[in-house]
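Let's have the full structure, built from the sequences with the hints guiding it.
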Amino acid sequence: MIERTPVLNFFTHLAMLVGIILAALPIYIVFVASSHDFQTVNIVPMPLTPGYSLVENYTKVWTKSDFGTKFVNSFIVATGVTIGKIAIAAITAFSIVFFNYRLKMLFFWLIFVTLMLPLEVRIVPTYAVAANALSPIQGVLNGLFNAPALLLGLIGIEGLPQVALKLPEWNLLNSYTGLILPLVATATGTFLFRQFFLTVPAELVEASKMDGAGPIRFFWDVLLPLSKTNMAALATIMFVYAWNQYLWPLLVTTRPEMTTATMQLQKLVPGPLFGQPPVWNEAMAGTLIVMLPPLLVVIFMQGYFVRGLISADK
Amino acid sequence: MDRRATFKSTWLAFALIAPQLILVFIFFYWPAAQSLFWALTLEAPFGGATQFVGLQNFETVFSDKLYWNSVRVSILFALSSTTLTMVMALLLASFVDRQLAGYRVYRFVYFWPYAIAAPAVGLAFRFIFAPDAGFVSSINKVFPNLWNPALDGLDAFILIVIANSWKMIAYSFIFFLAGLQAIPRTITEAAAMDGAGVLRRLWDLQLPLLAPTFFFLLVINITESFVDSFGIVDIITGGGPARATDLMVFKIYSDGFKGLDYSMAAAQSIVLMVLVVSLTFVQFRYVEKRVHYA
Numbered sequence: 026m027i028e029r030t031p032v033l034n035f036f037t038h039l040a041m042l043v044g045i046i047l048a049a050l051p052i053y054i055v056f057v058a059s060s061h062d063f064q065t066v067n068i069v070p071m072p073l074t075p076g077y078s079l080v081e082n083y084t085k086v087w088t089k090s091d092f093g094t095k096f097v098n099s100f101i102v103a104t105g106v107t108i109g110k111i112a113i114a115a116i117t118a119f120s121i122v123f124f125n126y127r128l129k130m131l132f133f134w135l136i137f138v139t140l141m142l143p144l145e146v147r148i149v150p151t152y153a154v155a156a157n158a159l160s161p162i163q164g165v166l167n168g169l170f171n172a173p174a175l176l177l178g179l180i181g182i183e184g185l186p187q188v189a190l191k192l193p194e195w196n197l198l199n200s201y202t203g204l205i206l207p208l209v210a211t212a213t214g215t216f217l218f219r220q221f222f223l224t225v226p227a228e229l230v231e232a233s234k235m236d237g238a239g240p241i242r243f244f245w246d247v248l249l250p251l252s253k254t255n256m257a258a259l260a261t262i263m264f265v266y267a268w269n270q271y272l273w274p275l276l277v278t279t280r281p282e283m284t285t286a287t288m289q290l291q292k293l294v295p296g297p298l299f300g301q302p303p304v305w306n307e308a309m310a311g312t313l314i315v316m317l318p319p320l321l322v323v324i325f326m327q328g329y330f331v332r333g334l335i336s337a338d339k
Numbered sequence: 071m072d073r074r075a076t077f078k079s080t081w082l083a084f085a086l087i088a089p090q091l092i093l094v095f096i097f098f099y100w101p102a103a104q105s106l107f108w109a110l111t112l113e114a115p116f117g118g119a120t121q122f123v124g125l126q127n128f129e130t131v132f133s134d135k136l137y138w139n140s141v142r143v144s145i146l147f148a149l150s151s152t153t154l155t156m157v158m159a160l161l162l163a164s165f166v167d168r169q170l171a172g173y174r175v176y177r178f179v180y181f182w183p184y185a186i187a188a189p190a191v192g193l194a195f196r197f198i199f200a201p202d203a204g205f206v207s208s209i210n211k212v213f214p215n216l217w218n219p220a221l222d223g224l225d226a227f228i229l230i231v232i233a234n235s236w237k238m239i240a241y242s243f244i245f246f247l248a249g250l251q252a253i254p255r256t257i258t259e260a261a262a263m264d265g266a267g268v269l270r271r272l273w274d275l276q277l278p279l280l281a282p283t284f285f286f287l288l289v290i291n292i293t294e295s296f297v298d299s300f301g302i303v304d305i306i307t308g309g310g311p312a313r314a315t316d317l318m319v320f321k322i323y324s325d326g327f328k329g330l331d332y333s334m335a336a337a338q339s340i341v342l343m344v345l346v347v348s349l350t351f352v353q354f355r356y357v358e359k360r361v362h363y364a
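If you're matching them up, the sequences are chains A and B in order.
Quick note on my numbering: the first sequence kicks off at 26 and runs consecutively.
Quick note on my numbering: the second sequence kicks off at 71 and runs consecutively.
Some hints could be false.
Claimed, not checked - Taking lysine-lysine pairs in the DSBU-like style, the calculated list, with each CA pair at most 30 Å apart, reads:
id : chain 1 : residue 1 : chain 2 : residue 2
1  : A       : Lys-89    : A       : Lys-292
2  : B       : Lys-78    : A       : Lys-234
3  : B       : Lys-328   : A       : Lys-89
4  : A       : Lys-129   : A       : Lys-234
5  : A       : Lys-129   : A       : Lys-253
6  : A       : Lys-292   : B       : Lys-328
7  : A       : Lys-129   : B       : Lys-78
8  : B       : Lys-328   : B       : Lys-135
9  : A       : Lys-85    : A       : Lys-234
10 : A       : Lys-234   : A       : Lys-253
11 : B       : Lys-78    : A       : Lys-253
Just so you know, these hints were derived from the structure itself, not from any lab.
Here's what the structure looks like:
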């Protein structure tokens with residue numbers, strides 16, 4: 026920038042080109058592999074120029090894997106999670122920033138601490154909750170009702186009737202609710218909105234109040250329009266996050282018509298294990314189909330995406 | 071957090087925060103508590119009497135060689151993929167930060183891998199590095215049986231490290247670049263006037279100023295490699311060969327859902343939870359420190 030460094034510039038360009046190759050080559054190979062026929066894709070090393078079976082491979086894997094249904098499911102889940110996260114993050118942050126009540130710091134921390142409990146570390150019990158989403162509430166109610174009996178039992182008074190409350194079961198397995206709801210709570214999103222709401226000048230609130238706007242009016246007509254960029258940023262990262270979910274859909278869905286596109290990758294792995302021929306061309310076509318929607322989101326919304334990431338995590 | 075201008079209605083405030091609190095309770099706190107309960111009890115997965123056994127499950131877990139194997143593999147995996155990721159990301163970011171012609175294109179492409187789902191990355195790399203197809207297998211023509219991730223544990227381990235790093239580099243790259251670009255231009259120019267060349271400025275000025283970002287990414291990358299590697303392992307190796315890639319998350323999944331041993335899986339979840347929580351705490355401490363500097 027300041028001085029002329031032709032040699033260093035040359036090496037910088039060289040290194041950056043190597044970087045491009047490292048970043049893009051795997052995607053390119055997936056594309057090339059998906060365009061060859063069965064024989065060509067298994068040549069070692071595979072030719073690096075595209076073949077002629079592109080359309081054939083894609084139609085085959087699309088129908089074979091029933092990607093039509095799976096894409097619909099993935100879109101429903103990704104959109105549901107994205108909208109859910111934005112809505113819930115916005116109203117939570119609104120409550121924390123624009124109201125004054127005693128418990129709000131406690132509530133904020135209760136939500137924020139969940140950052141430390143990613144789905145993967147509580148996967149087994151969360152699955153149990155998904156099998157009956159009302160069980161936590163049932164557990165708490167039973168605990169409350171039986172507390173007197175248990176306490177009296179401690180000091181030696183026995184024989185009080187124990188209540189065993191039974192709420193109806195609410196099974197979330199194999200449903201969109203089950204795929205979406207457990208992913209909706211968001212510490213990151215709440216934090217992002219909170220940080221943004223804190224920058225809204227107090228005068229704006231005063232002015233809206235003076236004009237006779239209540240809290241909901243202010244939220245809807247003033248705050249939300251101001252948060253558009255924020256919401257777009259959050260929407261891009263959350264859509265990619267939700268589309269790429271793998272472990273959770275794998276657990277909560279067993280019926281084929283409820284599975285998502287990302288889950289299908291597991292069934293595309295060709296291997297001698299199941300006695301299938303190594304149909305790598307179809308597997309790679311499937312891989313590209315699955316990776317495309319989030320990749321497009323990132324390519325077209327890159328500015329928002331980067332902004333969302335950086336402001337959300339710091 | 072107190073503002074002068076606020077709304078009065080407390081019931082509305084509670085109503086607005088209630089949905090998230092309920093979700094967090096049902097899907098975070100209850101399962102976490104449930105884990106602890108299961109870890110301290112023994113029960114058949116489908117009904118049967120629950121028996122309180124204290125720390126017995128933890129003793130069983132800690133005396134299990136297979137568990138220590140998964141701990142060892144996870145730590146090695148975290149260290150190697152974090153190192154590879156951060157070195158590559160830092161190099162690329164410092165190149166792009168020089169803003170030579172076309173740097174926008176580079177920046178654009180470096181960022182792509184972040185969008186791709188872990189299992190998709192896994193399947194792509196499984197093909198590229200397959201022992202009998204793809205590309206890397208050409209090496210077997212010269213040196214027969216040199217590369218076979220399906221049979222050789224080390225090869226399989228190297229493969230998941232490469233796949234995971236390839237995916238994670240993009241994220242670290244963005245943060246390093248943002249960190250580098252936040253360094254005031256006046257400082258860089260002053261150093262240049264004092265005769266410091268590009269490399270000297272990088273080493274003595276930019277890298278030290280990048281320390282907070284570096285530390286933040288270190289913690290994030292380690293946590294992510296403990297937690298977020300399931301998709302890659304499941305698709306590429308399935309924990310094998312001979313448990314050479316049996317990461318902790320993967321073992322919890324296979325013990326809990328394949329082996330249906332909830333107590334064992336819960337005890338392991340608790341250990342992993344403690345690990346992730348302490349890593350996050352380290353990060354919070356550091357974030358607090360950062361605020362003081364700012």
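So, going through the hints one by one against the coordinates:
no.: 1; hint: Lys-89(A) to Lys-292(A); in the structure: holds, 11 Å
no.: 2; hint: Lys-78(B) to Lys-234(A); in the structure: holds, 11 Å
no.: 3; hint: Lys-328(B) to Lys-89(A); in the structure: holds, 27 Å
no.: 4; hint: Lys-129(A) to Lys-234(A); in the structure: holds, 22 Å
no.: 5; hint: Lys-129(A) to Lys-253(A); in the structure: holds, 25 Å
no.: 6; hint: Lys-292(A) to Lys-328(B); in the structure: holds, 17 Å
no.: 7; hint: Lys-129(A) to Lys-78(B); in the structure: holds, 14 Å
no.: 8; hint: Lys-328(B) to Lys-135(B); in the structure: holds, 19 Å
no.: 9; hint: Lys-85(A) to Lys-234(A); in the structure: violated, 61 Å
no.: 10; hint: Lys-234(A) to Lys-253(A); in the structure: holds, 22 Å
no.: 11; hint: Lys-78(B) to Lys-253(A); in the structure: holds, 26 Å
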